[in-house]
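**Student:** Sequence:
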Amino acid sequence: MSPVRRSSATAGNLLYAQSGGVTSVINATAAGVIEAARARGVKVYAARNGILGALREDLIDTSKETASAITALRHTPGGAFGSCRYKLKSLADNRAEYERLIEVFRAHDIRWFLYNGGNDSADTALKLSQIGKTLGYDIRCIGVPKTVDNDLAVTDCCPGFGSVAKYTAISTLEASLDVASMAETSTKVFILEVMGRHAGWIAAAAGLAGEGADAAPHIILFPENAFDEAAFLARVKATVERVGWCTVVASEGVRNAAGQFLAEAGTRDAFGHAQLGGVAPVLAALVKEKLGYKYHWALPDYLQRSARHAASKVDAEQAFAVGRAAVDYALAGMNAVMPVIVRTSDAPYRWKIEPAPLAKIANREKKMPRSFISRDGFGITAAARRYLAPLIRGEAPLPYGRNGLPSYVQLKNAAVTARLPAFKP
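With UniProt numbering applied, the sequence shown corresponds to residues 1 to 425, in that order.
Hint data in this document are derived by calculation from the structure and do not stem from the laboratory.
Since we're looking at a predicted model, the values are computed, not measured.
Among the clues, some could well be false.
[As the list claims (entries may be wrong)] In silico lysine-lysine, DSBU-like type, Cα no more than 35 Å apart, as pairs:
1) LYS64 <-> LYS133
2) LYS237 <-> LYS366
3) LYS313 <-> LYS64
4) LYS424 <-> LYS412
5) LYS366 <-> LYS352
6) LYS424 <-> LYS89
7) LYS133 <-> LYS313
8) LYS43 <-> LYS360
9) LYS367 <-> LYS89
10) LYS288 <-> LYS360
[Unchecked claim] Pair ranges (Cβ atoms, derived):
11) ALA257 <-> GLU174: 32 to 42 Å
12) ALA39 <-> TYR293: 50 to 60 Å
13) GLU354 <-> LYS288: 42 to 52 Å
14) GLN260 <-> ARG385: 26 to 36 Å
Note that the Cβ used here is the ideal one computed from N, Cα and C, for glycine as well.
Can you make the complete structure from the sequences, with help from the hints?
**Tutor:** Structural data, given as structure tokens:
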């Protein structure tokens, strides 16, 4: 599903970097990049720990890896080259870092830069796409989509989301069976907190676990809706009285009517985002205090985004495809674009990859459409199901070793010899 390949008259090397929170399929994108570049005779360097590696001239020579090792990336979770959360300021505010990047690119004859990440990474990729002309160096920059949050604009879905959606739906289904088994004498309310600071896509995916008023999840809390304590408690009480127990799935970014996170911890990450302390225990304490029900809550945290054993086949295929397309676009001379997924049909589900301008993606956020959230605010609609269901379809089997564990690859990550003085970002 990649675009038609075109030859490039420009010699040079390609630099690939991973950014932000990793996913269970981001390495599939790396495999797509490296395999496509090798087929075109282009050497690929990887920046160790994202843009920080580029600034520090801490580069990895992927040509030292065997073809089988690169292929194994397709089923290995985590970020094979390391990632980071580091946002470049504007050229006016921090010219030194941009000049340093150009120095590194020039020193290693890097003519194409591919940055694999989410919203903030798209912003970094856009800024980098503009520095060549300003600082007198010919560099083509391609943003490559990745985020479990599924909140990148333009693209129909984001690589990484389909797998976390599948994990969330499965976890909701299985945990609910457990709760139902013990509800007579034990837990009445189970609360699952999932990722999603501003957009409720992951929480919505839990809705695929069942349909109907008595099927779990009985309540989904979205960051798109202001939290209504009275309505929430009334729904929990009514569900327990009718069904005997209640499963709640809450996005970490649930806010009150004043716009404050219920789980605000008072700290911020490297991108300036509020650090959240956990909405599930807040909700659980509320249920106990106001309703007196025995509860249990769970926070899958990194488990949901690293669960390669529950990866979606569709997601893994799309992750690989955007990597290959990114190389095609770069070698065709494109700049400041991102390969995005375009849905061409719901039933049967079909998709293709097309280039989209980074300017239409960076610093924008795709939230759940109102038409995807049920009228009462606690569930998903048929339209949401039509959108979500194809993304979790299919399994992406893993090779297992004799120890009963998956056989994941560990790359050599051979360092490229530095040619410049040390630099501290």
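**Student:** Against this structure, judge whether each hint is valid.
**Tutor:** We went through each hint and held it up to the structure:
Among the hinted pairs, LYS64 with LYS133 is consistent with the structure: their alpha-carbon atoms are about 32 Å apart, no more than 35 Å. Under the criterion of a C-alpha separation no larger than 35 Å, the hint pairing LYS237 with LYS366 is consistent with the structure, at around 33 Å. Restraint check for LYS313 and LYS64: satisfied, since their Cα atoms lie roughly 29 Å apart, inside the 35 Å limit. At roughly 25 Å between alpha-carbon atoms, LYS424 and LYS412 fall within 35 Å of each other, so this suggested pair holds.
Restraint check: the Cα-Cα separation between LYS366 and LYS352 comes to about 20 Å, which is no more than 35 Å; the hinted pair holds. Between LYS424 and LYS89 the CA atoms are separated by roughly 15 Å; this keeps the pair inside 35 Å, and the hint holds. Between LYS133 and LYS313 the CA atoms are separated by roughly 40 Å; this puts the pair beyond 35 Å, and the hint is violated. Using a Cα cut-off of 35 Å, the hinted pair LYS43 and LYS360 holds, with the two alpha carbons roughly 30 Å apart.
For the hint linking LYS367 to LYS89, the alpha-carbon distance of about 25 Å falls within 35 Å, and the restraint holds. A C-alpha spacing of about 45 Å is found between LYS288 and LYS360, which places the hinted pair above 35 Å, so the restraint is violated. Take ALA257 and GLU174: their Cβ atoms lie about 34 Å apart, and the range 32 to 42 Å holds. Between ALA39 and TYR293 the beta carbons are some 59 Å apart, a value that agrees with the proposed interval 50 to 60 Å.
Our hint of 42 to 52 Å for GLU354 and LYS288 holds, since their Cβ atoms are close to 50 Å apart. Checked against the given bound of 26 to 36 Å, the beta carbons of GLN260 and ARG385, roughly 31 Å apart, stay inside it.
Of the numbered hints given earlier, the model fails hints 7, 10; all others are met.
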